[in-house]
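*Asks:* Sequence:
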Amino acid sequence: MKFSKFIKSTLLLITGILLWLPCTSQIYVNLNAGGDNNGSSWENAYTNFQDALDEAKENDQIWVAKGTYLPGKAGDPGNTTFFLSKGVRLYGGFEGTETSLKDRNPKLFPTILSGDLNQDDIANDFENNRIDNVWTVMLVENNSSTLPVIDGFIFKGGHANGEINGRYYQRSGGGLFLFGPAEVRNCEFRQNYANKDGGGLYFCDSLAIAQSPSRMIIDSCHFANNFAENSAGALSNEMINNNTFETYIGHSSFIHNKTTQAGGALLNWITVPNCKVVIEDCHFEKNVGEHGGGIINIIVSSNANVEISNCHFSENRSIDALKHNYITGGGAIRFFFPAEASGSLGSIRRCNFSENSSELGGGAVSVASRKGAEANKVIIDSCKLEKNEADYGGGIALDLGGFNDTIIIKESTLIENKTTEFGSHGGAIKVTYWVSGKHGRTTIENCNFQNNSSESTKGGTIGIIPTGQLSFTSIRNSIFSNNEIRENSSAIYYGSVDGKYELENCTFEADQITPGGSIINFSSTIFSPYMLFLFFHGALWMHIFYFLLVFFITRERTTIYYTLQTIGLSFFYFLAKDFIYFPSIFEWLVTNPWYHYAISKFSIMLSVIAFVKFAQHFLNINQYYPALKKNILYFILSYILINIIQTALFQGFNQETSIWQDVVSWIYTVMSIAGLIIPFLGAIILLRKGYKLALFLFPVLLFVIFCGVFLSLSFNDGSTVSSSKNILISEGFVLLALITLALANGYRINLLKKDKERARQLAELNTAKTRLYNNITHEFRTPLTVIMGTTEMVKGNDPEKELIQRNSQQLLHLINQMLDLSKLEGGAIKLEPKLGDIIPFIEYLVESFQSFAASKHIQLTFFTELESLQMDFDADKIQAIISNLVSNAIKFTPESGKVVIHAKKETVRKKTQLVVTVRDSGSGIPEEDIPHIFDRFFQADASDMRRSEGSGIGLALVKELVQLMNGTIEVTSKVDKGSAFFFSVPITNVAPMETQSFENREVYTPYIPEDETNESFFPVSDELPIALIVEDNRDVVSFLKSCLRKKYALEIAYNGREGIEKALEIVPDIIISDVMMPEADGYTVCKTLKEDERTSHIPIIILTAKATQEDRIQGLD
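The opening residue of the sequence shown carries number 327 in this note's numbering; numbering runs sequentially from there.
Rather than coming from a laboratory, the hints here were simulated on the basis of the structure. Be careful, since some hints might not be right.
[Said to hold, decoys possible] Capping the alpha-carbon separation at 25 angstroms, the derived lysine to any residue pairs in SDA-like fashion look like this: (1) Lys-1224 / Lys-956; (2) Lys-1388 / Thr-1430; (3) Lys-1388 / Phe-1365; (4) Lys-956 / Glu-1254; (5) Lys-713 / Ile-805.
[Stated by the list, open to error] DEER-style ranges, computed between Cβ atoms: (6) Ser-1368 / Tyr-950: 51 to 59 angstroms; (7) Gln-1196 / Ser-1222: 15 to 23 angstroms; (8) Leu-1077 / Tyr-872: 16 to 24 angstroms; (9) Glu-1158 / Ile-1392: 25 to 33 angstroms; (10) Val-1297 / His-1183: 19 to 27 angstroms; (11) Ala-1000 / Ser-1222: 46 to 54 angstroms; (12) Glu-1169 / Ser-1222: 19 to 27 angstroms; (13) Asp-988 / Glu-737: 32 to 40 angstroms; (14) Gln-1087 / Thr-1298: 31 to 39 angstroms; (15) Glu-1169 / Leu-1137: 23 to 31 angstroms; (16) Glu-1158 / Lys-1224: 30 to 38 angstroms; (17) His-1183 / Asp-1081: 41 to 49 angstroms.
The beta carbon of each residue, even a glycine, is placed where N, CA and C say it ideally should be.
Between the sequences and the hints, there should be enough to build the whole structure, so can you do that?
*Replies:* Here it is, written out as structure tokens:
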């Protein structure tokens, strides 16, 4: 039974075919012949496909191909290229030709969208469904008025990811690439990818050679989850060759398509005149476009006509991470008229926009024209815009830079649209006429504005910025109700510069006016972000010019570093967002992102380096912490190098970065933070050393931290451009930091002025003192010479005579040093060099101190690397230097210590010099005293218990003499380890040769006392009272002995500790003590003995040269 039915059906089918064939010239071929939807045997299918096509061409017949799935074919695209000609029609596998895809599969269309589409992340969707290196390319040869038709196919998983320099069709049209006019009906494009344009479908008329007009028709199609790297996530329609070309897009849906450039769903690029585009009865939802046109991005040429009607736009977004400039934006639709566009018309009628958003201008619609465009017109009629939002122009943003542009918005309703950016304009509509936008005209009539709001203090509903000359804005017969108007804001803000306005027959009902707000505000200002720009950069450049002037007056280096830092900050913030206020001047920054990036990096680098150098000089690090100076130089050089490397590696703001770029970026970030932290570490170190000026840097650090936080929050997707309110807050912290630095620097300069004035006064006082002691010492020499001469005339060798001669000679030596120092300061001492061998001379001087060293059991050694050295030298000056250094070394070295004098020749920077080192194993010099050790009258140990006497003149004289010989002197020392003095003088051989005899030269050396083993000079008896003399100067001891020897039995102690011990041992009748002694001073001796019951009754006489009132009170205490 079943078999008989099958036989009947087969006979009927054969009969029908035989009856039908004579009546038609169509040829059918099954596209799936030998294969299936998974493409298991596509070679056979494509062979049949090509054979049928060839037969159709030969017989001049209409060819019909049936199939259900067309994913393309991997390999050379030349093998998958189909030529459609003379009315060829491609049908899908659905029965019947008249039934639309909408009727067959209603779930694909928004009217009854059931949500069964894959709504996962688009990137993941591509990854799971991709078919690499697949192109479906159709080259259309249309030599008749009948268009080729592609009907009922599903294009899914196409992946046009050709090389960057590959053919255009290898990188565009992930699902289908068309050259030439055609009809695409009842097709579905899903999960296709193109690394250039048109993720789902790319159409180009570049090969169209048919008579005009030609047409491209897309009807009843569905585009979902397609992605394009460049533009047009779903469909790219480019008219670049054929004039009077027409494109029709109708009854289609675009859902979840995305692009990283303009036109999340659809791009119409019209570069030839007289073209027409019609988009009607379409649904656009949740599409995303970056840098303009969340859904539709239309670039219009001359005399073009674009009509968009009866379409629904919802939840589409325009993400503009770079905030490129005024030409971007448009959460749903973006019209752009380039410089060559003129006489074109764009219209949007009876469309519904809801919950679309833009990260720059125009939450629903953005219209922009550039300088050079002329007489273009856009009409928005009978539309509803609800709950759209943008940085400015929550519903519609108009940025008009062309000549005689006309915008008409009529019969439309704008509800709950808002701006999200601080300082932005126009909760519903923002209108800007740029300087080039002369004679621009905007008409808003018969519109209803409800519940719109703006974060701006200007233009809660409509914000108008007429900077263009002779611009005109008319608002007529419109209703404003329940719009939110904030403090100091208005429903309509008109920043009048050179434009005109008209407000006629408008009603304002129940607007939520915050106290301080108003209905209308006609202001002479432009708009608040621009005013903030003027304020911020005006403040910066006031700082710059002021501190430049201060630098030229004072030559203070901190001022020039402050100026450079401020210049860098000004350029950085200008490039971050403010250059968009000058689009015609700085358009090259948008079109050339590398220049934008490079200049931004240079600005940051300049600011960081200038701040580090400012802190270095502000904190006086070179003096207080010299070890950090070289590290700062290394940091600056490294930071410059890493900036150069990072800039060289930059490829684009939205390009994927390599691991090397990430590493370099991480190093750059760490070094930038280090550049801000290093000065504060230096400030902490110096603050611990008592440098109070470092306190000023800590509030600056706090401001810098807050600035960095808000600055990082203001950037999106790693770009360097932002215009959010966070960057405005960061600008505030920048101003606070700069003001703090300026106040700190002013305070420092004031301190420097006071220090200079104090130094001047001290110099004057020093000059007076020098003149005074010069006169006094000169007057001292006369009586001293008489005393010494008279003593020489006295016959005999009495001890008193020797005492007078010795102390007179010591006093004369001190006076001569003071006179030499005074003459050096006045420039009265000149060098008298003679050419000779300096090594034997130094050795002779050292040998002169052997007796003095032996008296203290100190090993004195002269070591030279040179047997002889012929050079010019002044013997008197060299003698003064060597004598002072060796004498000091022996004086401050304890018994059994060592003093080594070392001479060598050294070449530094091609200059040969003699270097002499005097090293001892003495008590050393405290670190804090080293910077002052060569100051006049300075003594490292100025206490009453210092071990050795001194005037503080010798080292000051040494330094002056070394500098007189164009040499240098340095010292290194550690407490209880010893000291080393290094002086170097240049070696020259220009003075006349002279034989110098050193044997008869008199070298002054300190007095060497006789070794007195018995300190009791007279036996103790009951008849004479015992006197204890505590004194470290043996000449004074001799003098006191001569005065007291007939009345007292004398005991001697040569330091305070020894005096205390002897007093407790012998309990003398009277004690005579010096004040300034080693081990323990006279006050300590007195206090110790008075507190002991055994010696508290003993009278004590204190000897001292100190005669001030304070010294007397201290002695009595």
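*Asks:* If a hint holds in the structure, say so; if it doesn't, say that too.
*Replies:* Hints, verified against the model:
For a cut-off of 25 angstroms, the pair hint linking Lys-1224 to Lys-956 is broken: about 35 angstroms separates their Cα positions. Between Lys-1388 and Thr-1430, the direct Cα distance comes to roughly 21 angstroms. Compliance with the 25 angstroms bound is thereby established for this hinted pair. For the hint linking Lys-1388 to Phe-1365, the alpha-carbon distance of about 21 angstroms falls within 25 angstroms, and the restraint holds. For the proposed pair Lys-956 and Glu-1254, the alpha carbon gap of about 22 angstroms is at most 25 angstroms, so the pair holds.
A C-alpha spacing of about 18 angstroms is found between Lys-713 and Ile-805, which places the hinted pair at or below 25 angstroms, so the restraint holds. Here the CB-CB span from Ser-1368 to Tyr-950 is close to 54 angstroms, well matched to the stated 51 to 59 angstroms. Gln-1196 and Ser-1222 have their C-beta atoms about 38 angstroms apart, which leaves the hinted 15 to 23 angstroms range violated. Between Leu-1077 and Tyr-872 the beta carbons are some 19 angstroms apart, a value that agrees with the proposed interval 16 to 24 angstroms.
For the pair Glu-1158 and Ile-1392, the beta carbons lie near 57 angstroms from each other, so the given range of 25 to 33 angstroms is not met. Distance hint for Val-1297 and His-1183: a CB-CB separation of about 25 angstroms, consistent with the stated range 19 to 27 angstroms. Under the hint 46 to 54 angstroms, the C-beta atoms of Ala-1000 and Ser-1222, about 51 angstroms apart, fit the expected range. Taking 19 to 27 angstroms as the suggested C-beta distance range, the pair Glu-1169 and Ser-1222 conforms, at roughly 24 angstroms.
A C-beta distance of roughly 54 angstroms is found between Asp-988 and Glu-737, which places it outside the suggested range of 32 to 40 angstroms. Distance hint check: the CB atoms of Gln-1087 and Thr-1298 are about 34 angstroms apart, consistent with the given range 31 to 39 angstroms. In this structure, Glu-1169 and Leu-1137 meet the distance hint of 23 to 31 angstroms, their C-beta atoms being roughly 29 angstroms apart. Glu-1158 and Lys-1224 have their C-beta atoms about 34 angstroms apart, which keeps the hinted 30 to 38 angstroms range intact.
Distance hint check: the CB atoms of His-1183 and Asp-1081 are about 47 angstroms apart, consistent with the given range 41 to 49 angstroms.
Of the numbered hints given earlier, the model fails hints 1, 7, 9, 13; all others are met.
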